[in-house]
Structure formats: structure tokens, C-alpha cells
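Colleague: Top line first, the protein sequences correspond to chains C and Z. Counting in numbering that gives the first Met the number 0, the first sequence runs from 0 upward without gaps. Counting in numbering that gives the first Met the number 0, the second sequence runs from 0 upward without gaps.
Keep in mind the hints are simulated off the structure, nothing from the lab. Please note that the accuracy of each hint is not assured.
You can't tell identical chains apart in this list, so a pair holds if it fits in one copy or across any two.
To be verified - Lysine to aspartate or glutamate pairs mimicking EDC-like chemistry, simulated, CA-CA at most 16 Å apart:
{"hint": "1", "residue 1": "K42", "residue 2": "E214"}
{"hint": "2", "residue 1": "K90", "residue 2": "E23"}
{"hint": "3", "residue 1": "K262", "residue 2": "E273"}
{"hint": "4", "residue 1": "K291", "residue 2": "E86"}
{"hint": "5", "residue 1": "K323", "residue 2": "E273"}
{"hint": "6", "residue 1": "K335", "residue 2": "E154"}
Protein chains: 2
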Amino acid sequence: MTSQLPETSSTISMNLANSVLAGERLALARLLSQIEAESPAGKQALGELFSYTGSAYLIGVTGPPGTGKSTLVNRLAQYYRDPTTGEEPSKVAIVAVDPSSPFTGGAILGDRVRMRDLAGDPGVFIRSMASRGSLGGLAHATGSIVQVFDAAGFEIILIETMGAGQAEVDIARMAHTTIVVEAPGFGDDIQAIKAGILEIADILVINKADRSGVESTERALNMMLQLAHPTPREFHHHGRVEIVAAPVPHNGEEAAWIPPIHKTIATEGSGIPELAAAIAHHRAFLVETGAKEHRDRDRLQAELDSLLQDNLVTRWRATISGNKYQQALDLILQRKLSPHQAVDTLLDGGYTP
Amino acid sequence: MTSQLPETSSTISMNLANSVLAGERLALARLLSQIEAESPAGKQALGELFSYTGSAYLIGVTGPPGTGKSTLVNRLAQYYRDPTTGEEPSKVAIVAVDPSSPFTGGAILGDRVRMRDLAGDPGVFIRSMASRGSLGGLAHATGSIVQVFDAAGFEIILIETMGAGQAEVDIARMAHTTIVVEAPGFGDDIQAIKAGILEIADILVINKADRSGVESTERALNMMLQLAHPTPREFHHHGRVEIVAAPVPHNGEEAAWIPPIHKTIATEGSGIPELAAAIAHHRAFLVETGAKEHRDRDRLQAELDSLLQDNLVTRWRATISGNKYQQALDLILQRKLSPHQAVDTLLDGGYTP
Chain C
0 MTSQLPETSS
10 TISMNLANSV
20 LAGERLALAR
30 LLSQIEAESP
40 AGKQALGELF
50 SYTGSAYLIG
60 VTGPPGTGKS
70 TLVNRLAQYY
80 RDPTTGEEPS
90 KVAIVAVDPS
100 SPFTGGAILG
110 DRVRMRDLAG
120 DPGVFIRSMA
130 SRGSLGGLAH
140 ATGSIVQVFD
150 AAGFEIILIE
160 TMGAGQAEVD
170 IARMAHTTIV
180 VEAPGFGDDI
190 QAIKAGILEI
200 ADILVINKAD
210 RSGVESTERA
220 LNMMLQLAHP
230 TPREFHHHGR
240 VEIVAAPVPH
250 NGEEAAWIPP
260 IHKTIATEGS
270 GIPELAAAIA
280 HHRAFLVETG
290 AKEHRDRDRL
300 QAELDSLLQD
310 NLVTRWRATI
320 SGNKYQQALD
330 LILQRKLSPH
340 QAVDTLLDGG
350 YTP
Chain Z
0 MTSQLPETSS
10 TISMNLANSV
20 LAGERLALAR
30 LLSQIEAESP
40 AGKQALGELF
50 SYTGSAYLIG
60 VTGPPGTGKS
70 TLVNRLAQYY
80 RDPTTGEEPS
90 KVAIVAVDPS
100 SPFTGGAILG
110 DRVRMRDLAG
120 DPGVFIRSMA
130 SRGSLGGLAH
140 ATGSIVQVFD
150 AAGFEIILIE
160 TMGAGQAEVD
170 IARMAHTTIV
180 VEAPGFGDDI
190 QAIKAGILEI
200 ADILVINKAD
210 RSGVESTERA
220 LNMMLQLAHP
230 TPREFHHHGR
240 VEIVAAPVPH
250 NGEEAAWIPP
260 IHKTIATEGS
270 GIPELAAAIA
280 HHRAFLVETG
290 AKEHRDRDRL
300 QAELDSLLQD
310 NLVTRWRATI
320 SGNKYQQALD
330 LILQRKLSPH
340 QAVDTLLDGG
350 YTP
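This is chain C alone, in the form it adopts within the complex (with noise of 0.2 Å):
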């Protein structure tokens, strides 16, 4: 009988929902277009997956554009399928994100060149996101698509961003490990992005490592290093190297964990294997001192944050008639009132200077 009543948004989500965990591609894909979209059903089997995740372990690799990152994350995909290198070889998701392209043309683009390296291989499913206008839009999308990822059982999964701004920074930080990549020979501004990177990076890289330029590059990221993770062969007093326990830092969660180096060719594959053992070591790290815990926890409050957000200020809108709203815009623009001054006579419903 049931399968005579009408498809509502509920029975939709709910056969949904059980394809994927049936490990159906073509419901996967289904759902994450739904989601993109941001339609009901996709919400509501987003909900019915949740108790399904949690297992998977996330790996955010970010950097400047140029820096061969794609191809990076498609030889660490490679190496997590290959059933040569001892390990069992895990489902792989890959979500490519790209904050800078309101076109879904260059992540299209992306997903055929991919396609080439990882076609045919059913326990690898690449996703690419490009921005529609609002960055928070972005993040949310993101987080959701890697939980439905994680309900469906791929046990590793690559958060790529392009750049490095705090847009690509929130969605990398998303992950347990996040990789920061630089290449040899960029420019002026170097030093600007490598301070911002430090924050985040638990693991850098040098690709394009056959370059021109790989030793200052890898001398100024040490040298940042150092700046900020002190250890104690760096303190020198009096002419003698004096054994000082390293400052712990302000995030006093991973104070004993040093990003460390590594140096790629991706093109070639060169230094994969070393990659994805810093990775492992990163992740052992994390469990043991309970980090990940933390990171797991930190990843879902802000999700629960801004969400909160988004609804508030949808009921808000709600509440308020358009025209008051309206009144105090056109305030603004004639300069009779600041911004500052608007909201409060819209939240209090009336301003004193």
C-alpha cells in the first residue's frame, strides 16, 4: 500500500537516506545535489544520516592558487585506494571547494581532469563546490556534505580550498588535519601569507619541490616556525644552548604538536608515502591527547552557530514589518542616522543620541 501513497518530502528523504547507507552512488550524488540546493528533503535526510557520522577523519588541505594542490589531494587519494601499501585501502570522498569562483564551470573543469587519475574506482567519490555569493552559505553547504560523506562510510575525506584567505581558512579548519601547500618562487607577499598560515597548518608542504627557490622557501617557513612553535634548540644564552621547556601556546590544546615540512613532487607522486605518514602521525597525535575530541566538538558548535544565526535572523525578519526596515535604510542613506544607530532604533524601536 505504501507505495501508492504520494512521495512526500519525508518518504523522499527517507529513501534517500537508506540508499546512501546502502552505499548507492547514484542516491549520493542525488543527495548532495539536494543539499547544494538547499531543498527540504535534502535537510531532512541530512537529519536522518546524523546519528551515522563521526567515523570519518578529515583532511583540509588549503594554499595559495599555483601550488598544485589538486593534484596533491588526488595522489593522496590515490595512495589511500592503493592496496599495495600495507594498509586497507579506505573509501575516499573528496570535496573541492572554491570560494573565489561563483561559476560552477572551473569546478567542473576540475572534477574531468580528476576523473582521468581516479575513473572508474567505486570507492572514490569527488565532489567540487563553488561559491553562490555568500560565504557562510559555502561553509554550511560544506559541512553537510562532508557529514553526508561520513554517514555513507567514506572513512577518509579531502576538504579542498583554493587560496588562503579566512573564507578558505574556516573551511579547511573544518578538518582534523589541516595541510597548508606552498610552491617555490612566490612572490612579494610571501611573508604575509605564511604568518596567517601558521595558525592552522599542522602540516606544510613544499610541492613542485623540483623547482628554483625550494631552499628559501622551506629556510622562510622555518624560520616562521620557529618564531612561533620556540623549541629548545633555539635558545642560545651566553654562548651556550640552554635547555628551555617550549612556551605553551595560547590554544593550549596542541601545544606539543610542531608542524612539520615536507617536500612533494605531486606531478611525480614524490613524497606522497611521507606525506600521508605525517598524516597518520598527526591523526595519533590528535586521539591521544584528546585534541580530536576537542576538534570534532569545536567543528559542530560552530555549525550550531551559525545556523542559529541564519535563523534568527530569518524569524526576525519575520517579525518586522518591510517598511520600518525600509525607514531605516533610507535614514542611512541621507546620513540622518549611522548603521549603529538604525539597529538600535530597529531592535529598541526608538533612538536617543
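Knowing the structure of chain C, use the given hints to seat chain Z on it.
Modeller: Coordinates of chain Z only, in the frame set by chain C:
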């Protein structure tokens, strides 16, 4: 008698605002610091200054690291200060925003380098801002700092951002004219950057135009531009060119503006007068078509919306017991409630699946 009154936040802000309006550089520097620190006096002074804003012309400059944006911005500032160009020299402010750097170190270094070129000119004021965690906070602060410069009588405000992620894009969008800077010889990801860039660029600059590869960069940019803005010359039909009206882009506002491509060598100053002419041309276009007014309106509305959002969250947080929020978060961590379901619980006081 007033001099014997204790200094309140209100009297401080009044003094600051008046001193800034009187053109005192030290007061200006002090107010900018207070705004960055989000002090109540800074907020109040901003409210007092807001009615004096609206005269400045805002020029955004963004692009990937290593393209020489800072040097280009310096050269533009020098150009606008130059009494020999035939125009009245403008007062110029530079706001250098680095969302990727949570440290001020790089920004301060940047100021020093700049100071050499523009030192001692009372008609130039440079302010560097580095991210302190929250991107939204940085965009807010940038908007406020631009308003202070505007009220203080700076006719030209150059807003320079690093990179081309959504973060930088959002900040660059505050400007009337947005310049996107490229350089020859970037790597594999250049297609993806350019796709995002077309959305926001009013003027494209290929800096370091003395480097090899400039022709292929120009060809690629031209191709992307023609895809985005089809013009009559591209419509070929059965071997002959047909004159077809270019389709109106979705943001009808600026239907007729096709971003020009300019080549510069900022280190030598070449191409700068031509770039300044292109900016003047775009400015005239914006004024004539009414698009300048639209952009001002959009900017102030975005600021209002973002302030409303922050305030709504702060106010809601104050109404709910920390315990209830914590319980919902715990249920999420135990995978008993999805983040979406938790929001329903917190805002509606209940969740029924």
C-alpha cells in the same frame, strides 16, 4: 567649567570626532585604533561622524599574492597626490586589509615599506588591518575605518586586500571601482581565479607586465571577459559576423561596462596615468548611470544587515540559559540530535521528528 568634568565615553568621542573633523592626524590615528578595538567611545564617535560621510571615492584593489598590489596602490596614491597631473591633488587614504594574516607583523612591515615612498606627505594616511579571527569583524572594522577617512575629508580611499577569496571579494566590493590585479606566470589554478574575478572586477590590471608570459595572461583574460560579456564582434554566423546586441547581464545596473585590461609595471610607475584615467572613466560611468548611488546603497544596506545579525545573536544569547544551549550541543555531540534539529529545539522549545 567643562574642563573639570570627568571624561566620559561621550565627551571623549565628541572631542575625538571634532578633532578628526578638524584634520588632526593624531586624533585620526587614535580613533582608528579605538574602532579596531571596538571601544564604546570609538563607536560613538563613528555615529557622530557618519553625517559627514558620502564624499569619498572608494577604490578597491585585490588579486592573488605576489602580483605587486601594494606597489601599485602606492603608485596610485602618489599619482593622486601629484600636483603636476593637471588636477587638484586629492587627500588619499590607504586601507590595507589582510584577512589571511591574524598577525599585525606583516601589516606593520608593509606600512614601513610604504612610508619610504609616501613619507611626510600630510595628504596621505595609511592604515593596515590584520584579521583577528573573525572575518565578519574585519569587514565591519574596514567599513567603519573607511567611514572615518571619508568624514575626515579624504577624497580618495584605496582599499587593498590580499588574495581573491570570498573574504577579500566582500571587502573589495565596498568600493566604487574594484581593480583586480594579476601578474604573468601564475600556475595551474589561474583559470579558477579568473572565473571568480570577472564578477567583481571593474578594471583588470596585469602588473609586472615586463615579465615573460604577459601575452598569454592577457589572452586568457580577454577570452574570459568575452565569455562573460559577449559583444557584437564575437557573433559569427554562417561565416559572416552578425551584429547582435550584447545580452544584458543579470545585474542590469551595469549592463554597459566591460572591464578594460591595463598593463602596468608598478615598480617603475609605468601604466599608472592610464590606470588612473580608467578609474576616472569608470567613476564617470557610475555617476552617469546612477550605479554609484546603487553601490552606496548596497554597501550601507550590507553594513546594516551585518550589524543586525550580530546584535540579534547577542540579544538571543542573553535570553537563553547557557545550560539549555549546552544540553543541545551535548546531544549533537552524542549524535542524538542533528544541528538543524538542535536549532529547532532551541528556538521553538521543542523538536518532534
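Colleague: Please name the hints from earlier in the document that this structure breaks, with their numbers sorted from lowest to highest.
Modeller: 1, 4, 5 and 6
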